[in-house]
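A.B. asks: Sequence:
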Amino acid sequence: MSLTKLLAMKPLFLAFLLFPLFLVAQNTPRPRCADQPVYQQFDFWVGEWNVFAPNGKQAGTSKVERLLDSCVLLENWYSAGGSSGKSFNAYNAAKARWQQYWVDNSGGVTEYLNGRFENGSMIMETEKMPLANQTFRIMRMTFTPISKDKVRQHGQSSTDDGQTWKTDFDLEYRRKQ
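Using our numbering, the first residue of the sequence shown is number 1, and each one after it goes up by one.
Quick caveat, the hints were computed from the structure, so don't treat them as lab data. Hints are supplied without guarantee of correctness; some may be wrong.
Derived DSSO-like pairs: lysine-lysine, alpha-carbon spacing no greater than 30 Å straight-line [stated by the list, open to error]:
1. K95 to K166
2. K63 to K176
3. K86 to K128
4. K86 to K166
5. K150 to K86
6. K128 to K148
7. K63 to K128
8. K86 to K57
9. K95 to K63
10. K176 to K150
11. K95 to K128
12. K150 to K166
13. K148 to K86
14. K166 to K128
15. K57 to K150
16. K148 to K57
17. K57 to K166
18. K148 to K176
19. K57 to K176
20. K63 to K148
21. K63 to K150
22. K166 to K63
23. K63 to K86
24. K95 to K176
Per label pair, the in silico range of CB-to-CB distance [to be verified]:
25. P31 to T135: 42 to 48 Å
26. R137 to R30: 17 to 23 Å
27. P31 to N133: 43 to 49 Å
28. K176 to K128: 33 to 39 Å
29. R30 to G82: 25 to 31 Å
30. G82 to D170: 19 to 25 Å
31. A53 to R116: 23 to 29 Å
32. K148 to S70: 17 to 23 Å
33. D161 to S70: 32 to 38 Å
34. T135 to Y78: 29 to 35 Å
35. S157 to D69: 32 to 38 Å
In this text, a Cβ means the ideal position worked out from N, Cα and C, and glycines have one as well.
Let's have the full structure, built from the sequences with the hints guiding it.
C.D. replies: Have a look at this one:
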């Protein structure tokens, strides 16, 4: 077959040449989360914790563990008042950011879709959430390792698009011994 005839069949010829590359791309395994540094940014929070309010009283307990080959961190939270909740924390590689999905035993759900690791802290923020009177609220949580056995979790909210922030809670996680 002449080159002219091959070029006339260009679309078919290109598909024939590119198909093996497509197969290789589909069969190339993704690197394991445990082997990628970005998935380890939140590992300072992994462990079993007693959690305290600023007044020194115990606010609850928490167990944070790795799941799915270290692709997810699961928090199991139990407050001193009897409520409980879980958060699923994962790095979304497609969006290049951390995300948290929180749900509690009263039916509350919060999605922190904009997370980033910055200056040694994990910062999670919600999208704008509608309130009454056509206003909005953004919630932010900042997790900061104080030492290998202490983590600060600072929850804040803003109703002026992040210009000012009000503290909603300030907790200290102390690793159980």
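A.B. asks: Does each hint hold? Answer for all of them.
C.D. replies: Structure-based check of each hint:
{"no.": "1", "hint": "K95 to K166", "in the structure": "holds, 28 Å"}
{"no.": "2", "hint": "K63 to K176", "in the structure": "holds, 10 Å"}
{"no.": "3", "hint": "K86 to K128", "in the structure": "holds, 22 Å"}
{"no.": "4", "hint": "K86 to K166", "in the structure": "holds, 24 Å"}
{"no.": "5", "hint": "K150 to K86", "in the structure": "holds, 20 Å"}
{"no.": "6", "hint": "K128 to K148", "in the structure": "violated, 33 Å"}
{"no.": "7", "hint": "K63 to K128", "in the structure": "holds, 29 Å"}
{"no.": "8", "hint": "K86 to K57", "in the structure": "holds, 22 Å"}
{"no.": "9", "hint": "K95 to K63", "in the structure": "holds, 27 Å"}
{"no.": "10", "hint": "K176 to K150", "in the structure": "holds, 10 Å"}
{"no.": "11", "hint": "K95 to K128", "in the structure": "holds, 18 Å"}
{"no.": "12", "hint": "K150 to K166", "in the structure": "holds, 23 Å"}
{"no.": "13", "hint": "K148 to K86", "in the structure": "holds, 23 Å"}
{"no.": "14", "hint": "K166 to K128", "in the structure": "holds, 15 Å"}
{"no.": "15", "hint": "K57 to K150", "in the structure": "holds, 16 Å"}
{"no.": "16", "hint": "K148 to K57", "in the structure": "holds, 21 Å"}
{"no.": "17", "hint": "K57 to K166", "in the structure": "holds, 21 Å"}
{"no.": "18", "hint": "K148 to K176", "in the structure": "holds, 12 Å"}
{"no.": "19", "hint": "K57 to K176", "in the structure": "holds, 16 Å"}
{"no.": "20", "hint": "K63 to K148", "in the structure": "holds, 15 Å"}
{"no.": "21", "hint": "K63 to K150", "in the structure": "holds, 13 Å"}
{"no.": "22", "hint": "K166 to K63", "in the structure": "holds, 27 Å"}
{"no.": "23", "hint": "K63 to K86", "in the structure": "holds, 10 Å"}
{"no.": "24", "hint": "K95 to K176", "in the structure": "violated, 34 Å"}
{"no.": "25", "hint": "P31 to T135: 42 to 48 Å", "in the structure": "holds, 43 Å"}
{"no.": "26", "hint": "R137 to R30: 17 to 23 Å", "in the structure": "violated, 36 Å"}
{"no.": "27", "hint": "P31 to N133: 43 to 49 Å", "in the structure": "holds, 48 Å"}
{"no.": "28", "hint": "K176 to K128: 33 to 39 Å", "in the structure": "holds, 37 Å"}
{"no.": "29", "hint": "R30 to G82: 25 to 31 Å", "in the structure": "violated, 41 Å"}
{"no.": "30", "hint": "G82 to D170: 19 to 25 Å", "in the structure": "holds, 21 Å"}
{"no.": "31", "hint": "A53 to R116: 23 to 29 Å", "in the structure": "holds, 26 Å"}
{"no.": "32", "hint": "K148 to S70: 17 to 23 Å", "in the structure": "holds, 19 Å"}
{"no.": "33", "hint": "D161 to S70: 32 to 38 Å", "in the structure": "holds, 35 Å"}
{"no.": "34", "hint": "T135 to Y78: 29 to 35 Å", "in the structure": "holds, 33 Å"}
{"no.": "35", "hint": "S157 to D69: 32 to 38 Å", "in the structure": "holds, 34 Å"}
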